[in-house]
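Novice: Sequence lines, in order, name chains G and Z. For what it's worth, my numbering labels the leading residue of the first sequence as 1, then goes sequentially. For what it's worth, my numbering labels the leading residue of the second sequence as 1001, then goes sequentially.
Check before you lean on any hint, since a few could be wrong.
[What the hints assert, rightly or not] Here chain G is said to cover these stretches of chain Z; the calculated rule only asks that three of the stretch's residues, wherever they fall, bring their Cβ under 8 Å from a Cβ of chain G:
id : segment
1  : 1132 to 1140
2  : 1153 to 1159
3  : 1166 to 1180
4  : 1185 to 1198
5  : 1297 to 1311
Hints are computed from structural coordinates only; laboratory data are not their basis. Bear in mind that the values here come from a model prediction, so they are computed numbers and not experimental data. The beta carbon of each residue, even a glycine, is placed where N, CA and C say it ideally should be.
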Amino acid sequence: MTSYIDRFLEWMDGTTERAARRTAQAIGRRHVLASLGTAMMGTALAPMLPFDRTFGKAFAQAKPVGGYDGDIAACDYWRYCALDGYLCSECGGELTMCPPGSEASVVAWVGTCHNPNDGRDYLVSYNDCCGGGGCANPTFCFGSEGERPGYRMGLYNDINWCMANETKGYHCTVAVVVGIA
Amino acid sequence: MKKLLAVLLSTTCAFAAVPAFAQDADIPPVAEETVGVKPAIDPGPNIFAMDQSWDGLSTFQVFSAEDFTYKGGMGTGMVAQGQVSADGTTAYTTSTYLERITWGEPDMVLQIFDVATLSVTAEIMLPPKITMVAAYEHLLQLSADERFIFIMNATPAASVTVVDLEAGAVTMEVPTPGCWEIYPATSGLKFTMLCGDGAAKTFILNETGTEIVSELATDLFNVDDDPLFVHAERRGDADELLFVSYTGNVYRVSDAGDAPELIEIVSLTADVEAPFAPGGYALTAYNAANDYLFVVMHADPYDGSHKDAGDEVWVMDMAVGTLLYRLQPEHGLVSLYVDDAELPTLYGFNEEDYTIRSYAIDPAATHGIIMEETGTVSVGGGLVITVRE
Chain G
1 MTSYIDRFLE WMDGTTERAA RRTAQAIGRR HVLASLGTAM MGTALAPMLP
51 FDRTFGKAFA QAKPVGGYDG DIAACDYWRY CALDGYLCSE CGGELTMCPP
101 GSEASVVAWV GTCHNPNDGR DYLVSYNDCC GGGGCANPTF CFGSEGERPG
151 YRMGLYNDIN WCMANETKGY HCTVAVVVGI A
Chain Z
1001 MKKLLAVLLS TTCAFAAVPA FAQDADIPPV AEETVGVKPA IDPGPNIFAM
1051 DQSWDGLSTF QVFSAEDFTY KGGMGTGMVA QGQVSADGTT AYTTSTYLER
1101 ITWGEPDMVL QIFDVATLSV TAEIMLPPKI TMVAAYEHLL QLSADERFIF
1151 IMNATPAASV TVVDLEAGAV TMEVPTPGCW EIYPATSGLK FTMLCGDGAA
1201 KTFILNETGT EIVSELATDL FNVDDDPLFV HAERRGDADE LLFVSYTGNV
1251 YRVSDAGDAP ELIEIVSLTA DVEAPFAPGG YALTAYNAAN DYLFVVMHAD
1301 PYDGSHKDAG DEVWVMDMAV GTLLYRLQPE HGLVSLYVDD AELPTLYGFN
1351 EEDYTIRSYA IDPAATHGII MEETGTVSVG GGLVITVRE
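All chains should be built: construct the whole structure from the sequences, respecting the hints.
Specialist: Here it is, written out as structure tokens:
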């Protein structure tokens, strides 16, 4: 899994890289997109990787009909393995939806979390929700599994991921499954 | 109801009358007082700690390093980073002011403070790219001669804004794709960064800070297997940086040349049976007088524990690259600072109760207590602790 993310991030960095490095990284980009296509659950997920600016819309959903597969109010809920922030589900939002009045960050970081219910590892995108009012006493969770400093930006959870939104104020964080690791 | 009001009224009148009568009869006139402003903080060494807010005012707090007395704070914008000149007289912050607090046009500002008066002396508007991240020391760094200051950006593409402090102006933006944190050299307009491909990269600018003269990278570490923490120490005045990895290796890196050079990797944990690993934020501190590197360590590490508070502080003798002591503070720590004295004072930030604690270190002691807690103060934040005489 790490290699998928690494290659994707290398591609992202390449967008501002000098011309001498562009060729090699363009190859990397094509390769990673092809790999992701086979790894993820459907092509619609491909655009939802970190740094994509349409993030959060395709997967936004209300509570699942069958209920959640764990206690989403508990920081040890499996999706939160690398979540660093306030739970949006306690701020007027849902597990995968930002609260009304806020907006989803257009860039995000990812974690690789093990789902004990099916024994599989999933890529989980952590989008910050931006703007809105202050949240009343939400749970703060601090998971750092697989986390890396800013030199691996897409795995970095110390930073305000509202940075690329016009609304830059941090509100809370959602955890969205975007693929199988 | 009317009766209650009457009682209250009579009681109030009675109390009101007493001071007037007593003053007239027994107390000499009170000297007239006027409101004022204390002109400066009390002299003496200071501890600086950034109380960072993500939804409003951040404050660069100042405490006495002698007795932890609170001296005051320098107010700045949200998600601020702070830095202090070597002589302790000037402080710098970068922060964001959103037009409507949580939204609206961002003003991203470098603010310069006179520490004595805790007052802003200058402001320089920055390109709206500065990183909004937890407080780390190497996101805002002065050049060796303190004429320039380097500011870490993330949009999330990484770059460094260079500001000429004499001219009071931004001189350039250095693209630093995939590279993070800024480690200035001991001379010249030059800094090194850690990069996502496992390299360290040195950037050299011309003397006016307007052009890149050189940017050379060297493979340094494995990001997956032995990632480096981004908090680092300079080994005294030497052209040598000390990085610590998640697994407990210390990387000695020379930044003397045009490209970084790995000198040596030494292990903190090689001779320790029980599993321990480094963890925290500013998790290391270096004391030049003894050539000691202090590292926050925690037991039973796991994937994701690298920011956990440490149960112990380990001391590596860098002269020989071996573990000397394992200190056990009473409270878990996530950040350190140590002065350069032969009998050092170590400072640590306890994230659980938000205190900075000081410890007297006695390197000469062979047995028993060599780390004694000497003081504590409650703070709003202390991920980066800076002390200046």
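Novice: It remains to establish, for every hint, whether it holds in the given structure.
Specialist: Going down the list of hints, with the structure as the test:
Judged by the Cβ-Cβ criterion of 8 Å, the segment 1132 to 1140 of chain Z is covered by chain G as claimed, because 4 of its residues qualify and three suffice. For the segment 1153 to 1159 of chain Z, the stated coverage by chain G holds: 6 residues have a C-beta nearer than 8 Å to a C-beta of that chain, and at least 3 were required. Only when three residues or more bring their CB closer than 8 Å to a CB of chain G does the claim for the segment 1166 to 1180 of chain Z stand; here the count is 5, and the claim holds. Counting residues of the segment 1185 to 1198 of chain Z whose CB falls under 8 Å from any CB of chain G gives 5; the rule of at least 3 is met.
Coverage of the segment 1297 to 1311 of chain Z by chain G holds in this model, with 5 residues showing a Cβ closer than 8 Å to a Cβ of that chain against a need of three.
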